[in-house]
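Please put together the full structure from these sequences, using the hints given.
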Amino acid sequence: MRFFIVVGALALGILATAQPSLDATCTITSYNEEDIKNAERDCAELTLNGISVPAGVTLNINLKQGAKLTFQGTLTWEFYEWDGPLVNITGADVEIVGAANHVLDARGTLWWDGKGGGGGKIKPIFFVAHGLKNSIIRDITIKNPPNHAIWIEDSDGVVAQDVYVDSIDGDTLGGHNTDGFNVWRSNDVTLQRITVYNQDDCVAIKSGTNILVKDNYCSGGHGISIGSVGGRDYNIVENVLVSNSQILNSDNGVRIKTVYGATGSVTNVTYENIILKHINKFGVAIEGDYNINTGSPTGVATGGVPIKHFTLKNVTGTVKKSGVNVYVLVKNASDWHWSDVHVTGGEKTKKCEGIPEGSDITVKG
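Numbering (mature numbering (1 follows the signal peptide of the UniProt record, and there is no 0)), first residue to last: -18 to -1, 1 to 347.
Derived by calculation from the structure, the hints in this document are not laboratory data. Hints are not guaranteed to be accurate.
[To be verified] Straight-line C-alpha distance at most 30 Å; calculated BS3-like pairs for lysine-lysine:
#1 259 / 97
#2 332 / 313
#3 103 / 46
#4 125 / 97
#5 103 / 263
#6 259 / 125
#7 259 / 295
#8 19 / 196
#9 295 / 263
#10 295 / 125
#11 50 / 103
#12 196 / 115
#13 97 / 290
#14 302 / 313
#15 330 / 97
#16 46 / 97
#17 115 / 97
#18 50 / 125
#19 103 / 196
#20 302 / 97
#21 332 / 302
#22 333 / 303
#23 196 / 263
#24 259 / 330
#25 19 / 97
#26 50 / 97
#27 196 / 302
#28 302 / 259
#29 196 / 259
#30 115 / 290
#31 330 / 303
#32 50 / 196
#33 263 / 330
#34 263 / 313
#35 115 / 125
#36 330 / 302
#37 332 / 263
#38 19 / 115
Nothing here was measured: the structure is a model prediction, and the numbers come from that model.
Spelled out as structure tokens, the structure:
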């Protein structure tokens, strides 16, 4: 039996003359592209239960308006060196959920080699939410993505909540560039109650407007970041609130990075009520010198992507002795307001440059 348990009048592949029900509920238990396309067309509720996706294949789901997709059991992906993505989901007014005890096991250990996207094996991005409109992603568990876990791109009105990304195995097995969430060319996005254990950005907002990131827990990666911004085809970040989140055992805590020599803008960004614990390198890092080609800072800021209307409020916590509490290297910044920023423990200092005049910000360095 290749695929369906069906409730309603739908019996694809069994009774070709049956008229599909507009509210059919369908379950697919083994991967078959034709079955999935039929289910996309005819099912208001689609469940993928324990399927294994073949090597080099994207699990492509184009949901009809108002549909619900449920992941059930353990879903796996076979190994192949390629860019991916392994999952691509589109739709409007849709709900993407995980059933109790499900796991999306991307089996990233087969790709990991400590080099991430910069060399070695070609590692696919795992999950892309592309062109979603007014939709929700909730109660999803992702284990060991080969590369970035989730991209939300070209989307509007998306809420992702209660998502758990577990790449903790990468700490000892060569995980790298295992970003939790990337937001790209998207508006009105909410990320809430997200838990991420990984080796790169917990959240990276690369471009978009009206983005809320709240009540999240990030461990082991590179913190909650804006950027890198610049050097792409859309380079605007505007109206971002990051609040009530914990960042632990990460290289960075709060970070904004803009691209050296590029153009764009970062406007009206607020981090508030952020707790940092055991940060390795930088508690707060605001940098305008990122080299998008090498993935490293240049040490010289350029002002083509100015950071304006930037607020830090009640950001507290600890940095390891070998780290830096606060570092700023920017140009053409304006209208910054920091209050109750208490980051301590780091004994290394770096000179801060470019803090806007009149901002009443004092940083030792």
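Verification of the supplied hints:
1. Proposed proximity of residue 259 and residue 97 is supported: the alpha carbons are some 26 Å apart, at most 30 Å.
2. Of the pairs offered as hints, the one joining residue 332 and residue 313 holds, with about 16 Å between alpha carbons and a cut-off of 30 Å not exceeded.
3. Taken as a hint, the residue 103 and residue 46 pair is broken in the structure, with Cα atoms around 36 Å apart against an allowance of 30 Å.
4. With a CA separation close to 19 Å, the supplied pair residue 125 and residue 97 stays within the 30 Å bound.
5. With a CA separation close to 28 Å, the supplied pair residue 103 and residue 263 stays within the 30 Å bound.
6. Straight-line distance between C-alpha atoms of residue 259 and residue 125 comes to about 24 Å, which keeps the hinted pair within the 30 Å bound.
7. With a C-alpha separation of about 17 Å, the suggested pair residue 259 and residue 295 falls inside the 30 Å cut-off, and the hint holds.
8. Restraint check for residue 19 and residue 196: not satisfied, since their Cα atoms lie roughly 36 Å apart, outside the 30 Å limit.
9. For the suggested pair residue 295 and residue 263, the alpha carbons sit about 21 Å apart, so the restraint of at most 30 Å is met.
10. Between residue 295 and residue 125 the CA atoms are separated by roughly 33 Å; this puts the pair beyond 30 Å, and the hint is violated.
11. Proximity of residue 50 to residue 103 is assessed by CA-CA distance (about 35 Å); at most 30 Å being required, the pair is judged violated.
12. Proximity of residue 196 to residue 115 is assessed by CA-CA distance (about 21 Å); at most 30 Å being required, the pair is judged to hold.
13. Under the criterion of a C-alpha separation no larger than 30 Å, the hint pairing residue 97 with residue 290 is inconsistent with the structure, at around 34 Å.
14. For the hint pairing residue 302 with residue 313, the CA-to-CA distance comes to about 28 Å; that is within 30 Å, so the pair holds.
15. Pair hint residue 330 plus residue 97 holds up; C-alpha atoms about 28 Å apart against a cutoff of 30 Å.
16. At roughly 38 Å between alpha-carbon atoms, residue 46 and residue 97 are farther apart than 30 Å, so this suggested pair is violated.
17. Between residue 115 and residue 97 the alpha-carbon distance is near 34 Å, which puts this suggested pair outside the 30 Å criterion.
18. Between residue 50 and residue 125, the direct Cα distance comes to roughly 22 Å. Compliance with the 30 Å bound is thereby established for this hinted pair.
19. A C-alpha spacing of about 34 Å is found between residue 103 and residue 196, which places the hinted pair above 30 Å, so the restraint is violated.
20. This hinted pair checks out: residue 302 and residue 97 have alpha carbons roughly 25 Å apart, not beyond 30 Å.
21. In summary, the hint linking residue 332 to residue 302 is supported, as the alpha carbons are separated by about 15 Å, within the 30 Å threshold.
22. Between residue 333 and residue 303 the CA atoms are separated by roughly 17 Å; this keeps the pair inside 30 Å, and the hint holds.
23. Proposed proximity of residue 196 and residue 263 is supported: the alpha carbons are some 23 Å apart, at most 30 Å.
24. For the suggested pair residue 259 and residue 330, the alpha carbons sit about 17 Å apart, so the restraint of at most 30 Å is met.
25. For the proposed pair residue 19 and residue 97, the alpha carbon gap of about 36 Å is over 30 Å, so the pair is violated.
26. Using a Cα cut-off of 30 Å, the hinted pair residue 50 and residue 97 is violated, with the two alpha carbons roughly 37 Å apart.
27. This hinted pair checks out: residue 196 and residue 302 have alpha carbons roughly 25 Å apart, not beyond 30 Å.
28. Under the criterion of a C-alpha separation no larger than 30 Å, the hint pairing residue 302 with residue 259 is consistent with the structure, at around 9 Å.
29. Of the supplied pair hints, the one linking residue 196 and residue 259 holds, its CA atoms being roughly 17 Å apart against a limit of 30 Å.
30. Of the pairs offered as hints, the one joining residue 115 and residue 290 holds, with about 29 Å between alpha carbons and a cut-off of 30 Å not exceeded.
31. For the given pair, residue 330 sits about 7 Å from residue 303 by alpha-carbon distance, which is consistent with the 30 Å threshold.
32. Between residue 50 and residue 196, the direct Cα distance comes to roughly 25 Å. Compliance with the 30 Å bound is thereby established for this hinted pair.
33. Taking the CA atoms of residue 263 and residue 330, the gap is near 9 Å; set against the 30 Å cutoff, the hint holds.
34. Using a Cα cut-off of 30 Å, the hinted pair residue 263 and residue 313 holds, with the two alpha carbons roughly 22 Å apart.
35. A C-alpha spacing of about 26 Å is found between residue 115 and residue 125, which places the hinted pair at or below 30 Å, so the restraint holds.
36. For the proposed pair residue 330 and residue 302, the alpha carbon gap of about 9 Å is at most 30 Å, so the pair holds.
37. Only pairs whose Cα atoms come within 30 Å are accepted, and residue 332 paired with residue 263 is accepted, the gap being roughly 11 Å.
38. With a C-alpha separation of about 20 Å, the suggested pairing of residue 19 with residue 115 holds against the 30 Å cut-off.
When held up to the earlier numbered hints, the structure conflicts with 3, 8, 10, 11, 13, 16, 17, 19, 25 and 26 and fits the remainder.
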